[in-house]
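Asker: Please build the complete structure, drawing on both the sequences and the hints.
Chains as they are written, first to last, in the working numbering: chain A, 10 to 116; chain B, 287 to 752.
No wet-lab data here; the hints were simulated from the structure.
Ideal Cβ positions, reconstructed from N, Cα and C, are used throughout, including at glycine.
Any given hint could be a false lead.
DMTMM-like, lysine to aspartate or glutamate: derived pairs with alpha carbons at most 20 Å apart [unchecked claim]:
id, chain 1, residue 1, chain 2, residue 2
1, B, 311, A, 66
2, B, 628, B, 702
3, B, 628, B, 687
4, B, 628, B, 615
5, B, 311, A, 30
6, B, 311, A, 93
7, B, 622, B, 670
8, B, 750, B, 584
9, B, 750, B, 615
According to the in silico footprint, chain B covers these stretches of chain A (three or more CB under 8 Å from chain B) [what the hints assert, rightly or not]:
id, segment
10, 10-16
11, 41-47
12, 73-82
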Amino acid sequence: MSPELVLGIYVFIMAIFVGFEVISRVPSVLHTPLMSGTNAIHGIVVLGAFLVAGSADTPLLHALGFIAVVFGAANVFGGFVVTDRMLEMFKKRETALPKAEAEKKNA
Amino acid sequence: MLDFRESVIALSYIVAAVFFIFGLKHLSSPATARAGNRLAAIGMALALGVTLLDRQIVSFWTIAIGTLIGAAIGVYFARTVQMTAMPQMVALFNGMGGGTAALVSVAEFLRLTRAGDAIGWGEGASIVLGTAIGAISLTGSIIAFGKLQEILPGRPLQFPLQRLINALILLSVLGLGGFVVIGGGGSTALWLLFAAALVLGAMFVLPIGGGDMPVVISILNSLTGLAAALTGFVLHNQMLVVAGVLVGASGTLLTLLMSTAMNRSVGNVLFGAFGAAASDPTATASVVGRTVRQTTAEDTAIALAYARSVVIVPGYGLAVAEAQHTVRELATDLEKRGVDVKYAIHPVAGRMPGHMNVLLAEANVPYDQLLEMDQVNGEFPQTDVVLVVGANDVVNPAARDDPSSPIYGMPILDVDRARNVIVLKRSMGHGFAGIDNALFYNDNTRMLFGDARQSLTQVGQALKNV
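Answerer: And the structure:
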């Protein structure tokens, strides 16, 4: 086992706790946007596709890297835009409420 | 020691991870949710931007062209998709992420084995799991998309020996994985594993009914996060690990939450379809020979106009008919007449938790009118009229009263306890669960058949003449 892998596992375990802590406070109203938002975040895997595509030196690796970049970029850009569209509506509704009441609800 | 360029990359990754965490935190409140999504997007831009500085990257053409095409596809569909089709869009984007993770894992294996580097068992296991989970997520998401888009039938698809065949495919994935990690299996074995996992993903989702797709998408979402984290192990990239695990953890939480709302275990959702078909006929038999009472738009308008309190129960039918604006106009007219109007939102109304809230928000329905199940259930006995718009299974009293019903135990909105119930429905067809609804045969229930939006428009016009 390489030291990098041990470090990776360490980060993995810590991130589980951070993920649960941060996310467990989301109200159910926001669950669909949350799913969509996290869906965009796992598009980070396109970063791996960048590394593969950028260092490819055979036609097969070029092809794999290219498809991976296309898929990953669609995941990232589509994910964030679709989440923003959903949340745009929440913003409208928020401004329709008196400020004090909105704050009370968020508390 | 890291040189300057490597340090910039590493530190930027840490900053990006903080952006992701704050983004998720801001998503927890409606007021800051949009900003949260943008914070996450900034983190993403930073992480992807500094990755281009990596010395491993020598050619930018594939990246540039691939990103342009992928971004164009993603943005186009994200902008043009109907709000009602949101769940399947999330499924599709999720599948693409899974595909990326699988392809990256395969490519990295090819590169490492060709370079002659010895692959440690840790990296080998990460490659195998990343490939398998990513591939399962890809085809599973495509099937989920097909079911929600109604390209594929929503009912569970079953065939003889399904369990045995699935078990064999799963075993072959595990066997090939073991062979690659410890048996010295080469790229052929990994390609076979990739193919077997693709088949497994499809086979795994096919026997699950359309009503359970939100839970399935949530599971696949967290699986893609996990696959992304696994590619981080292979590439020794902590950014991938952090972001992937954040998604994996949130997806797991969300999955448990949705299953709880339906009073089912995740295992029951995934494998319950195998026994579901047998119980359906008994459920329908119990209401055979009973008749429903129809009503008209005019009668509905009168009932609403003279009610003191009205509760509207929106369901997927409302979403399909895109009737959220019409229903709000009707509610506004009723309020002008002094009627107290509320909306009762079942946790799984629509096709995802919060789906109905999104649709009603689009129609500018004020927050304080949306009541959750626990808040509203005590109020039904004092409610004059309940207007059920395209909801079915979530108002089926069988879930509360009939232990033989397949949905027995699922928490429901107790609309049958209200003084009058008017159900807007296209036909006497069944809901997602595919079972009959005893509510429709109650003495205090009236049915108004037709497309939800047309019916609501007619009721709204009739209301002006009352």
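Asker: Work down the list of hints and note, for each, if the structure agrees.
Answerer: Against the structure, the hints come out as follows:
1. B:311 x A:66: 41 Å, violated
2. B:628 x B:702: Roughly 16 Å separates the two Cα atoms, so the pair holds.
3. B:628 x B:687: 26 Å, violated
4. B:628 x B:615: Given pair residue 628 of chain B, residue 615 of chain B holds - Cα atoms ~13 Å apart, limit 20 Å.
5. B:311 x A:30: 9 Å, holds
6. B:311 x A:93: Cα-Cα ~16 Å, so holds.
7. B:622 x B:670: Holds, at roughly 17 Å.
8. B:750 x B:584: OK: residue 750 of chain B and residue 584 of chain B at ~10 Å, within 20 Å.
9. B:750 x B:615: Answer holds: residue 750 of chain B to residue 615 of chain B is near 12 Å, not above 20 Å.
10. 10-16: holds (count 5)
11. 41-47: holds (count 7)
12. 73-82: holds (count 10)
Hint compliance for this structure: hints 1 and 3 are broken, all remaining hints hold.
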